[in-house]
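Trainee: Make the full structure from the sequences, and use the hints.
Chain order of the listed sequences is A and B.
With the first sequence counted from 1, adding 101 to any position gets you the numbering used here.
With the second sequence counted from 1, adding 101 to any position gets you the numbering used here.
Please note: incorrect hints may appear among the correct ones.
Because identical chains share one entry, a pair is satisfied inside a single copy or across any pair of copies.
Said to hold, decoys possible - Capping the alpha-carbon separation at 25 Å, the derived lysine to aspartate or glutamate pairs in DMTMM-like fashion look like this: (1) 123 with 297; (2) 123 with 195; (3) 123 with 136; (4) 123 with 108; (5) 123 with 138; (6) 123 with 112; (7) 123 with 215; (8) 123 with 225.
Derived from the structure by calculation, the hints contain no laboratory data.
Single-letter residue listing:
Number of protein chains: 2
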Amino acid sequence: MSAPLLEQLIDALRVLPGVGQKTAQRMAYHLLEREREGGTRLADMLAQAMERIGHCAQCRDFSETDLCPTCANDSRERSQLCVVESPADRLAIENATGFRGVYFVLQGRLSPLDGIGPRELGLEQLDQRLAQGEIGEMIIATSATVEGEATAHYLAQLARARQVRPSRLAQGLPLGGELEFVDRGTLSHAFGSRNEVQE
Amino acid sequence: MSAPLLEQLIDALRVLPGVGQKTAQRMAYHLLEREREGGTRLADMLAQAMERIGHCAQCRDFSETDLCPTCANDSRERSQLCVVESPADRLAIENATGFRGVYFVLQGRLSPLDGIGPRELGLEQLDQRLAQGEIGEMIIATSATVEGEATAHYLAQLARARQVRPSRLAQGLPLGGELEFVDRGTLSHAFGSRNEVQE
Ligand SMILES: [Zn+2]
Ligand SMILES: [Zn+2]
Numbered sequence: 102m103s104a105p106l107l108e109q110l111i112d113a114l115r116v117l118p119g120v121g122q123k124t125a126q127r128m129a130y131h132l133l134e135r136e137r138e139g140g141t142r143l144a145d146m147l148a149q150a151m152e153r154i155g156h157c158a159q160c161r162d163f164s165e166t167d168l169c170p171t172c173a174n175d176s177r178e179r180s181q182l183c184v185v186e187s188p189a190d191r192l193a194i195e196n197a198t199g200f201r202g203v204y205f206v207l208q209g210r211l212s213p214l215d216g217i218g219p220r221e222l223g224l225e226q227l228d229q230r231l232a233q234g235e236i237g238e239m240i241i242a243t244s245a246t247v248e249g250e251a252t253a254h255y256l257a258q259l260a261r262a263r264q265v266r267p268s269r270l271a272q273g274l275p276l277g278g279e280l281e282f283v284d285r286g287t288l289s290h291a292f293g294s295r296n297e298v299q300e
Numbered sequence: 102m103s104a105p106l107l108e109q110l111i112d113a114l115r116v117l118p119g120v121g122q123k124t125a126q127r128m129a130y131h132l133l134e135r136e137r138e139g140g141t142r143l144a145d146m147l148a149q150a151m152e153r154i155g156h157c158a159q160c161r162d163f164s165e166t167d168l169c170p171t172c173a174n175d176s177r178e179r180s181q182l183c184v185v186e187s188p189a190d191r192l193a194i195e196n197a198t199g200f201r202g203v204y205f206v207l208q209g210r211l212s213p214l215d216g217i218g219p220r221e222l223g224l225e226q227l228d229q230r231l232a233q234g235e236i237g238e239m240i241i242a243t244s245a246t247v248e249g250e251a252t253a254h255y256l257a258q259l260a261r262a263r264q265v266r267p268s269r270l271a272q273g274l275p276l277g278g279e280l281e282f283v284d285r286g287t288l289s290h291a292f293g294s295r296n297e298v299q300e
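Mentor: Right under this line is the structure:
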C-alpha cells in the first residue's frame with residue numbers, strides 16, 4: 102500500500118487529456134521530488150481558473166470578466182465577425198493573422214447525432230447580433246471536417262438572411278484537419294485569401 | 102489578449118514533465134470545457150499532496166505519516182531489505198513481485214559530477230540500519246545504468262562490512278534501461294532470479 106493521498110493525486114491527474122496511469126504516476130513523483138512550489142502554484146491556478154473563468158457574454162470565449170478583453174476593446178473592428186469552433190481556434194487565428202475584428206465562439210460544431218444543434222452553439226444569440234446591422238462580413242472559420250463544413254453551410258445561410266456577407270477561409274487547410282493544429286503559415290495564408298461563399 | 106488567468110493556468114501546467122505550451126493549452130481548454138469538477142478535484146489533491154506528503158523516517162519513500170504503511174506493517178519480513186533508486190521503482194517491484202520484505206529508497210544514485218554522494222542518498226542512515234543486525238539480505242535493485250551499477254557496487258561493500266549478504270537483480274534487465282519502465286514480467290523474473298554479489 103502506497104500513501105493513499107499519493108494514489109488520490111495520481112488518480113486526479115488522469116483527468117488531464119492523454120494522461121494514463123503511468124504518466125500520471127510520473128507526473129506526481131516529478132512534482133513531489135523536484136517541483137513542490139510549481140505544484141502548489143498549479144493547484145492554486147487550477148482552483149482559481151475552474152472557479153472564476155466563465156464565458157464572455159458577447160462572444161462565448163472563455164473570460165474571467167463579463168466581456169472578454171477583445172469584446173471590451175473599442176479599437177477592434179466591429180464590422181468583421183469571425184466565427185470559430187473553439188477558444189483554441191480563436192487563439193490560433195489571433196496569433197497567426199492580423200485580424201482586427203471580433204469573434205464568435207461556437208464551443209462546438211453542428212452534430213445532430215451527438216445532440217448538438219443550433220441552440221447548443223448559441224446561434225440564436227449570433228443571429229440577434231447579425232440582426233443589429235453592425236456586421237458587414239461574417240468570416241466562417243470552422244474546421245475543414247465534414248461537420249465543420251455543414252456548420253459553415255448553416256452559418257452562411259444565417260448570414261445571408263440578415264444581409265451579411267459570409268466568407269470562408271481559403272482552401273489550403275489540410276482536408277479533415279483540425280484548425281487548431283494547422284501551422285501558422287498555412288493558417289495565415291488561408292485566412293488572408295478567404296473567399297465569399299457562393300449560393 | 103486572452104484572459105490573464107487562463108494564461109497563468111497554461112503557464113502553471115508547464116511544470117508537468119513533458120508538457121509544453123501547446124499541450125498545456127489543450128489541457129487547460131479541456132478542463133474548462135469538459136472537466137471543471139475534475140479540475141477542481143485535481144487542484145485540491147495537488148495542494149494537499151504538495152503540503153502533506155513528506156518522507157518516511159525509516160525508508161525515505163514518500164509518506165503522509167512519519168512511517169509509511171509498509172514500514173509500519175508488522176507482517177513485513179524485516180530480514181530482507183530491498184534498496185531502490187526511487188519511489189516509482191519501489192512501486193514497480195511491489196506490484197510486479199511477491200516481495201514481502203522492506204525497502205530503502207535512495208531518492209537518486211551516486212553521481213559525483215552532479216554532487217550526489219553517499220550523504221545525499223541517506224547511506225549513513227542505511228548503514229545504521231544494517232548495523233542493527235536485523236537484516237540478513239540486502240537486495241540491490243538499482244538500475245542497470247552505469248551510475249546504477251556503481252551505486253550497487255558501493256552498496257554491496259556497505260553490506261559486507263556489516264555481515265549482510267548483498268544480492269543484485271538477475272541480468273535480464275535491458276542494458277541501460279530505467280527500472281521503472283521495465284515490463285512486469287521481465288522485472289518479476291529478474292527479481293526472482295537475483296544473484297548473490299561476488300567479491
Ligand atoms: Zn468576448
Ligand atoms: Zn517506510
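Trainee: Each hint should be assessed against the structure and marked as holding or not.
Mentor: Status of the hints after comparison with the structure:
1. In this assembly of identical chains, the alpha carbons of residue 123 and residue 297 never lie at most 25 Å apart, being 49 Å within a copy and 31 Å across copies at closest.
2. Taking the shortest alpha-carbon separations for residue 123 and residue 195, only the inter-copy value of 15 Å comes in at or below 25 Å, while the best intra-copy value is 36 Å.
3. Both within a single protomer and between protomers do residue 123 and residue 136 lie at most 25 Å apart by alpha-carbon distance, with minima of 18 Å and 21 Å respectively.
4. Taking the closest pair of Cα atoms, residue 123 and residue 108 come within 25 Å of each other only inside a single copy of the chain (12 Å); across copies the shortest separation is 27 Å, beyond that limit.
5. In this assembly of identical chains, the alpha carbons of residue 123 and residue 138 lie at most 25 Å apart whether taken from the same copy (23 Å) or from different copies (22 Å).
6. In this assembly of identical chains, residue 123 and residue 112 lie within 25 Å of each other by CA distance both inside one copy and across copies; the values are 11 Å within and 23 Å between.
7. Taking the shortest Cα distances, residue 123 and residue 215 never come within 25 Å of each other, neither inside one copy (31 Å) nor across copies (27 Å).
8. Proximity of residue 123 and residue 225 under a CA criterion of 25 Å is satisfied in neither setting, with 44 Å inside one chain copy and 32 Å between copies.
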